[in-house]
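> Construct the entire structure; sequences and hints are all you get.
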Amino acid sequence: MIWTLGAAAEAGEPGLWAKFLGLLASVVDAVAWPFHEGTVYVFGAMAVACAIAVVVSQNVVRMAFWLILSLAATGALFFSLNADFVGAAQLLIYVGGTLVLLIFGVMLTASGPFLQIKAKPGEMVLAGVVGMALLGVILSSAISVDWDKHAPSPEKAVGIGFNSPAEGNTTRELGMKFLGANPKDIGSQKATLSPGYLLPFEIVSVHLLVVLIGAAYLARAKRQKAPVVDPT
Amino acid sequence: MSSVLAASSIAEFLAGYLDNSHSAWAYVVAALIHAGLVLAFFGVAPLVYIWLERKVAGRIQDRLGPTRVGGKFGWLQTLADGVKLIQKEDLCPGAADQFMFRMSPYLVFVASFAAFMVLPWADGWISQDLDIGLFFILAIMSLEVMGVIFAGYSSGSKWALFGGMREAAQVVSYEIPMAICALVPVTALGTLSMMEISHMQAGPLLNWMVFHDPFCFVAFFVYFTVATASVKRAPFDLAEAESELVAGFHTEYSGIRWSYFFMAEYASMFAVSGIATALFLGGWSTGIGLEESFLNPLRASGGPGYLLANIFGAAVFISKGCILVFVQMWVRWTLPRLRIDQVMTTCLKYLLPISCALFLGVTLWPLLVFKLTGRTTLVDSMNVMGSDLGKPTADRGYRPWTPRPTNEIPQVPATAAPIDVEPGQAEPEKPVEAANGVDAKRPEAARLDVVDVSEGKVQS
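The listed protein sequences derive, respectively, from chains A and B. When we follow numbering that gives the first Met the number 0, the leftmost residue of the first sequence carries the number 0, and every step to the right adds one. When we follow numbering that gives the first Met the number 0, the leftmost residue of the second sequence carries the number 0, and every step to the right adds one.
Hints were generated in silico from the structure; no laboratory data involved. This structure is a prediction, so every number in the text was calculated from the model and none was measured. All C-beta atoms in this analysis are idealised placements derived from N, C-alpha and C, irrespective of residue type, glycine included. Each hint should be verified, as a subset may be incorrect.
[Stated by the list, open to error] Under the rule of at most 25 Å between Cα atoms (straight-line distance), these lysine to any residue pairs were calculated in the SDA-like manner: (1) B/K348 x B/V221; (2) A/K176 x B/L359; (3) B/K157 x A/V59.
[Said to hold, decoys possible] Ranges between beta-carbon positions, derived for each pair: (4) B/V27 x A/L198: 28 to 34 Å; (5) B/T372 x A/V203: 49 to 55 Å; (6) A/L134 x B/L334: 51 to 57 Å; (7) A/V47 x B/T372: 58 to 64 Å; (8) A/A218 x B/Q97: 48 to 54 Å; (9) A/D147 x B/P92: 54 to 60 Å.
[What the hints assert, rightly or not] Listed next, the stretches of chain A that the computed footprint assigns to chain B, with coverage defined by at least 3 CB atoms under 8 Å from CB atoms of chain B: (10) 52-61; (11) 90-97.
Pasting the structure below:
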């Protein structure tokens, strides 16, 4: 509707209204055209802004709140890049799991109702140095990659969604990799099995189990033996 | 036939009106319409459920419930409540953390709403057909607890804090058996996509996962118990136990923010019931063969037929969900509330081991049935009534390993082929392989094609 009006107005005598409509139409197009790309920028900006808010805010629980938004925006980034499994894992593990534990810790250890955390100047300098060093590492590695070479071909990039059903969508391919079968080899006779990711996964899970049992052992309520009553 | 009905999806329909350079707008508007439709259901369902809750509570307590507002049955009672809540003053206690206090209802609301994105309403009607739909819905529903914790903490009231802590402990514990119980049918089905899960259960009643094997049957009831607890309904409503904690985590809330909590709670009741429906109760299928005889030809005829068939499917899905919601209300008004230690004991000492045993059992079930009957599923119902019904579940494709003669080259179909598994490494239950695997020797297994979900990308 806007475009028709704009086109009609441009065809007629050029006036302020026509110019406005033409401008509006071009702005609207500019906003909508890179819609998928746009969501990436929106969620990226949100993740960064919320991460900054985590650092700036001094209330522990507000920090947790901003951290939730930041991590959820990171999950949304994964979704908008069609990495649906990683996005859901991000939500489940970081937002749903780790942060609940974090809040438990904060709520059970805080002495006052709304605990404030103020960093000392020395700590801020130290944290700033570490943060800047990390930023430098990430930036240098991000710049050194030739992104144009690795960019997907346009016809592949157009596809909205995930792998094709013939490739087993997301989960099937992940499961195959997990078991050590390369999905690309399926159907050919050269398919071989490697240990896949199953072994490392099992090692990590057993490790976590050991940690859990250890934590439960350390935190258990110490039972005191009933004092032996002297009958005499 | 009008062009509205002919368009198979809103995006396509809108794109027809715009030239190519503006087709991205069709996508945006279609996304808004999808979100609007889901939001409409998200808003209307609590309206109906709150009314239903009051009527159910009334009848169970030998009262009438609301009778006056809006006619004989008090239909408009919730609307009147809503108007009252909206015009209330937006209060924030002085002791509260103002910002967090105001934000936490939205957090609950958003988490609850996001779960509706992957509920399969009807064949092809799903907002986002994620391949990991079930995983996503479990992940997103676990975010709801964050809002409750924040609400409890930021209220600056001991009752609210107690309620929030109880809720956190309860939900964190109950998430574990909930996820394991959801895994039980998934093990047999071999997919996490809500669309595929529903497709596989089409056909006669015995195709529903709840009747698939004894483990799935028990898992349905365990899941439903755990789901009731995870949406903090009685007898597990420790977070808002009126007799102990005034109103729990929402003690300090009033007006519209209070009603956000309640909208989210009632919508979550439907969400968990919808998961149960899709996983165990056949999704949108009627189970009496209505699809094959009537609905599928109607759907294939396109246009209005497609719409009608899908509206019927959505009605079936919503009805099944509503029946489960009704059971949750029924349970709430007939069972006494558990103590907090009983709640934790129920979860950690009983429901968790039960769900683990069910999970183990369902992986061994095809082996056992194969030894006894030579088939891998109890009911070989794919050929009931002389036609192929539903899509075969993954465990039908299970083959016990047999040494292959070295000179025989297996026939490899072009579309899907078995992985060449080396001896000794074959997992007895491997849904991933089984869904793709085709056994040339078993003709009925040759129908195990890769489930086509290409129709499920952007639907209206």
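> Each hint: holds or not?
Verification of the supplied hints:
no.: 1; hint: B/K348 x B/V221; in the structure: holds, 13 Å
no.: 2; hint: A/K176 x B/L359; in the structure: holds, 23 Å
no.: 3; hint: B/K157 x A/V59; in the structure: holds, 19 Å
no.: 4; hint: B/V27 x A/L198: 28 to 34 Å; in the structure: violated, 46 Å
no.: 5; hint: B/T372 x A/V203: 49 to 55 Å; in the structure: violated, 39 Å
no.: 6; hint: A/L134 x B/L334: 51 to 57 Å; in the structure: holds, 56 Å
no.: 7; hint: A/V47 x B/T372: 58 to 64 Å; in the structure: holds, 59 Å
no.: 8; hint: A/A218 x B/Q97: 48 to 54 Å; in the structure: violated, 35 Å
no.: 9; hint: A/D147 x B/P92: 54 to 60 Å; in the structure: holds, 56 Å
no.: 10; hint: 52-61; in the structure: holds (count 3)
no.: 11; hint: 90-97; in the structure: holds (count 5)
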